[in-house]
Amino acid sequence: MLARRLLEPRIYSKYVNNYASYNRVPEPNSERMSALLSEYEKLPPRPTPLKTLRGFANPPTPESVLQSASYVLTELPRRLVQRVRALDGLPFIVGMNPFIMRTHKLYHSSFERLATFPEVKTLEDNDEFSRELESLVEMHSNDIPTIAKGFQECSKYLNHDRISSFLDLSIRGRIAVRLIAEQHIALSRAVREQSGKRLDKKQSVGEVGVASANCVPADMVRMCAAFVSELCEATLGATPPLVIDGVVDTKFAYVPVHIEYILTEILKNSYRATVEHHQKLGKRSLHNLPPVTVTIAPPTSSSNTIIDNEDPASTSGQTKKFGSHPSYLSIRVRDEGGGVPPTNLSRIFSYAFTTAGRLAQIGEDEGGPYAAQHIGGAAALGGGSGAGAGNVFGEIAGRGLQTGMGTIAGLGYGLPMAQLYAKYFGGSLQLISLYGHGADVFIKLRCLDEDADVVI
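All the letters of the sequence shown, read from the start, carry residue numbers 1 to 456 under the numbering used here.
In case anyone wonders, no lab produced these hints; they're calculated from the structure.
Using N, Cα and C, we set each Cβ at its ideal position, and we do this for glycine too.
Hints are supplied without guarantee of correctness; some may be wrong.
Have a look at the derived ranges for each label pair, beta carbon to beta carbon [stated by the list, open to error]:
1) 234 to 42: 47 to 53 angstroms
2) 226 to 101: 54 to 60 angstroms
3) 248 to 46: 37 to 43 angstroms
EDC-like cross-link-like pairs, simulated, lysine to aspartate or glutamate; straight-line CA separation at most 16 angstroms [as the list claims (entries may be wrong)]:
4) 423 to 168
5) 251 to 449
6) 51 to 449
7) 51 to 453
8) 280 to 336
9) 423 to 453
10) 251 to 219
11) 121 to 63
12) 105 to 88
Required output: the full structure, derived from the provided sequences and hints.
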């Protein structure tokens, strides 16, 4: 019932009444396109509780997937039009940059395709809609490295604060759009796979979608570390060992690809710093490097209870669920990579700050370390096949180690983006440097259990 109350009338109808008589996507500067943008610009995005999206999959049914389609088809154009208008508002010389222009056209196209998509009334309609969403997710897979290069080339035309504000809003908006789109793609896939048979008993309702109720951080650390270790070995000729301690068997609810991205970026920094620091120390052999140590602290169980004795007249108190308070999982990544020089400490979470080489080291279509930033598509949904399928590395496996140093350091967006992903659901990411010895990174992630009141 909650899903039905959230649904609102579409405004696309007057643009698709004569759908068969013209191409669905208007020209960017056409009168119809301007009118369409203006109509949606008046409709602010609605705060979307994560529990609402997950509710469509509780359980996944033909009726719920059609409700989800209606909601997604109403909501995504509202969010995409904001990105279009933000790009419209950039100075002319910035907007003419080929990388910025490419991103601008891509958002224009995505908005147009969704804003003019016919109403989804049947499962067959939803199959087409789901394919359209998958296509758009794939189209946007490289927009972060693309826009990053554009802003690097245009940095003298915009001050740092404006670039940071624009990127923060763009990346947060992109995260939201992908979560909404990929949740519906996953729900559609689950309904198709049922097609007359019951859902696999091993797959709980909470597992339908991009959020998982049973993320195992230790397993994700091992997977990310194996990937980063291979990069480090191929790029720098050595790699430090990994130690995982703390409560290694803990589980919690979160979006797996977000954890994978955060861990990959932090581990890349730690592995590279460890090798390069000990090279500078003149170590003859890099085969006995100190380890990168990852410590995992479990979240407070949401099933715990507390006693409320705020009423002085009360003698027994009232039992409340602790789940009404957010619970967080904590991860510490510790290395002996020399730490961060005091002169750089204030800039490590600044976009485009990097200790590696700049754009010359990164091919136009390679994305450097940001190949891992297209969080979505098969990576988010477990699509595809092979060893790389079902996680963020599936999307970058084809790029392998071809970019050399550019793969492990380059554009300078790694730490600020990792921090943005950690903060998205109310978590945090902090770095403490012991210059001359090493650094600790503290990651705190909010548990996205069924009671979590997080909003996309």
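inquiry  = For a quick check of understanding: which of the numbered hints are violated here, in increasing order?
reply    = Of the numbered hints, just 2 does not hold.
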